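Line by line, the protein sequences give chains A and B.
Going by the working numbering, the first residue of the first sequence is number 56, and it counts up by one from there.
Going by the working numbering, the first residue of the second sequence is number 56, and it counts up by one from there.
None of these hints come from the bench; they were simulated from the model.
Quick caveat, the model's predicted, so the values are computed rather than measured.
Please note that the accuracy of each hint is not assured.
Said to hold, decoys possible - Calculated pairs, SDA-like style, for lysine to any residue (alpha carbon to alpha carbon, straight line, at most 25 angstroms):
1) 201/A to 133/B
2) 201/A to 153/B
3) 201/B to 154/A
4) 67/A to 57/A
There are 2 protein chains.
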Amino acid sequence: MGINEAMQLVEKVMHQVIETDVPVLREASEHILSAGGKRVRPRLTLLTYLAAGGQSLDAIAPVAAAVELVHTASVVHDDINDHGVLRRGRPSVNAIWGRTFALLTGDYLFTKVYELMAPHNELNPIMAEAAVRLVEGETLQAAAVKNNNYTRQVYYDIIARKTASLFEAGAHFGARLAHADDTIINALKLFGFNVGMAFQIIDDILDLTADDLTLGKTSGIDLDQGRGYAAIHTNGNSNGAVAVAEAVTEVDQDDPMKKIKAKIMNGDAIAEGRRRAHELVDMAIACLDVLPQSAARDELADLAYMVVNRSY
Amino acid sequence: MGINEAMQLVEKVMHQVIETDVPVLREASEHILSAGGKRVRPRLTLLTYLAAGGQSLDAIAPVAAAVELVHTASVVHDDINDHGVLRRGRPSVNAIWGRTFALLTGDYLFTKVYELMAPHNELNPIMAEAAVRLVEGETLQAAAVKNNNYTRQVYYDIIARKTASLFEAGAHFGARLAHADDTIINALKLFGFNVGMAFQIIDDILDLTADDLTLGKTSGIDLDQGRGYAAIHTNGNSNGAVAVAEAVTEVDQDDPMKKIKAKIMNGDAIAEGRRRAHELVDMAIACLDVLPQSAARDELADLAYMVVNRSY
Numbered sequence: 056m057g058i059n060e061a062m063q064l065v066e067k068v069m070h071q072v073i074e075t076d077v078p079v080l081r082e083a084s085e086h087i088l089s090a091g092g093k094r095v096r097p098r099l100t101l102l103t104y105l106a107a108g109g110q111s112l113d114a115i116a117p118v119a120a121a122v123e124l125v126h127t128a129s130v131v132h133d134d135i136n137d138h139g140v141l142r143r144g145r146p147s148v149n150a151i152w153g154r155t156f157a158l159l160t161g162d163y164l165f166t167k168v169y170e171l172m173a174p175h176n177e178l179n180p181i182m183a184e185a186a187v188r189l190v191e192g193e194t195l196q197a198a199a200v201k202n203n204n205y206t207r208q209v210y211y212d213i214i215a216r217k218t219a220s221l222f223e224a225g226a227h228f229g230a231r232l233a234h235a236d237d238t239i240i241n242a243l244k245l246f247g248f249n250v251g252m253a254f255q256i257i258d259d260i261l262d263l264t265a266d267d268l269t270l271g272k273t274s275g276i277d278l279d280q281g282r283g284y285a286a287i288h289t290n291g292n293s294n295g296a297v298a299v300a301e302a303v304t305e306v307d308q309d310d311p312m313k314k315i316k317a318k319i320m321n322g323d324a325i326a327e328g329r330r331r332a333h334e335l336v337d338m339a340i341a342c343l344d345v346l347p348q349s350a351a352r353d354e355l356a357d358l359a360y361m362v363v364n365r366s367y
Numbered sequence: 056m057g058i059n060e061a062m063q064l065v066e067k068v069m070h071q072v073i074e075t076d077v078p079v080l081r082e083a084s085e086h087i088l089s090a091g092g093k094r095v096r097p098r099l100t101l102l103t104y105l106a107a108g109g110q111s112l113d114a115i116a117p118v119a120a121a122v123e124l125v126h127t128a129s130v131v132h133d134d135i136n137d138h139g140v141l142r143r144g145r146p147s148v149n150a151i152w153g154r155t156f157a158l159l160t161g162d163y164l165f166t167k168v169y170e171l172m173a174p175h176n177e178l179n180p181i182m183a184e185a186a187v188r189l190v191e192g193e194t195l196q197a198a199a200v201k202n203n204n205y206t207r208q209v210y211y212d213i214i215a216r217k218t219a220s221l222f223e224a225g226a227h228f229g230a231r232l233a234h235a236d237d238t239i240i241n242a243l244k245l246f247g248f249n250v251g252m253a254f255q256i257i258d259d260i261l262d263l264t265a266d267d268l269t270l271g272k273t274s275g276i277d278l279d280q281g282r283g284y285a286a287i288h289t290n291g292n293s294n295g296a297v298a299v300a301e302a303v304t305e306v307d308q309d310d311p312m313k314k315i316k317a318k319i320m321n322g323d324a325i326a327e328g329r330r331r332a333h334e335l336v337d338m339a340i341a342c343l344d345v346l347p348q349s350a351a352r353d354e355l356a357d358l359a360y361m362v363v364n365r366s367y
């Protein structure tokens, strides 16, 4: 079984595991899953497994599916908190089914993560920790906006927890399931972590630079809510759109957000973010040196480059 | 270690496991935990363990704590959906910290369940299934209200999933950890399930009959939202307070809910619910016959009686 066939199996596992006789849970879960997505996390798990010498991609597909479902669950809950109406090019779950069912769908997807992981005894503490850190990161983000302390340091702490931890866990799973030695496990964990950091920085930049159609989700939410990459580049102080607007001298009263966006874009913030993301990817790729040469190792490097070079 | 000392340990485990450097998660989790609660679920786990011959209560305290935390997480999310402002005699998490942080606190508590359960390999599929069913039950409930099909049959399906499944799992854990044989495991699972069903029926009756102060949470929410025990006793048809109000001929325009409540109370609905709960408890206690006589077995029977005879 090749990587693409295995990715198909991951899709199948996700669609099967959400089966239930409760129509709204099935339909809402199906809606968010069938909208697709980049699927970078399960791909990372499968490729680290192969690169570390794993031979049975079909056996680890449920774990890769679980990693994607943690992300999917968090996305559904995010869209409630952010009032996001567009996700993966479709209306968000809360936009269609409302807040209560979106909350329950996110909970449901998370219980399905647990169900998929249950047979993998040695992996459960790792997944539990990643899930804890993801929720901590989301909370730190909401708290930083509320408390007006969205500094650069806080930003990196947030993205380390809410994004990089799950990437690290996904890579860790692949390495562990392939029975890799500690040197390789640690190198692949670090690879996953750095790729996750780069992924989130680029995500936040795309939130500023891309439009809804290209992005497939409501763009500008981070800027609007005074967080993300924009927040740490608006005169070093931000408390949502209002504070950002105050910091800009000539604000277009008709569309202040457009002006603020233009200001950030004209500065060196975007270029600096991209530079930082590229550095992280270079560090990640250096981690792969401990692995023997293989097609999977090359594909891991490709995945890392894709993360920083993507336009959506 | 006796049962009361073990229950103290369960409290300690819960307070320890929610420790985090993210202030709002720590404070909100601490708030809901330190408000107490009946703790009937962890008590059930500890007592089934003892009654099935278990000897190391301290070793299973984390599992009992996890059972209570599943319930706690669902309560925090429930209060978001129901706009409940009072819980366990205190303002609810959403009333103090708002919806976003309440959602994240519920998510956080659920990740902590996962963390506590992770070392217990053989129990994880059981807990995952109970968590899935809990979310399904909550969803069926919200859907039944929305779709106006809150029949008696639907009601029993809802409470079986949202409440009895977790009671069943809690008893199952105790029996499994005590290495009981299949006869005893199955008897204790059924004991837990029936006690859970009785518990929820009484809970729904108390929602109608008790005031906020006695109940420690916002009362009448079920009636107000057209669900719970009230919904299936209002002329067999209900779609929230409006439909209920229409079914009542002389509604007091100043306080229609009071009149509706009075009508339900004056009928035989409450008596019938109590009768059904007592039957379930009788069936539960009959399950205990397979166990050798012991203090723990007596305490399990006491717990079952407490469930139906409580006033809050």
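To see whether the hints hold, each was checked on the structure:
1. Note on residue 201/A and residue 133/B: the hinted pairing holds, with a Cα-Cα distance of about 24 angstroms set against a maximum of 25 angstroms.
2. Between the alpha carbons of residue 201/A and residue 153/B the distance comes to roughly 12 angstroms, so the proposed pair stays at or under 25 angstroms and holds.
3. Straight-line distance between C-alpha atoms of residue 201/B and residue 154/A comes to about 13 angstroms, which keeps the hinted pair within the 25 angstroms bound.
4. Straight-line distance between C-alpha atoms of residue 67/A and residue 57/A comes to about 15 angstroms, which keeps the hinted pair within the 25 angstroms bound.
The structure meets every hint from the earlier list without exception.
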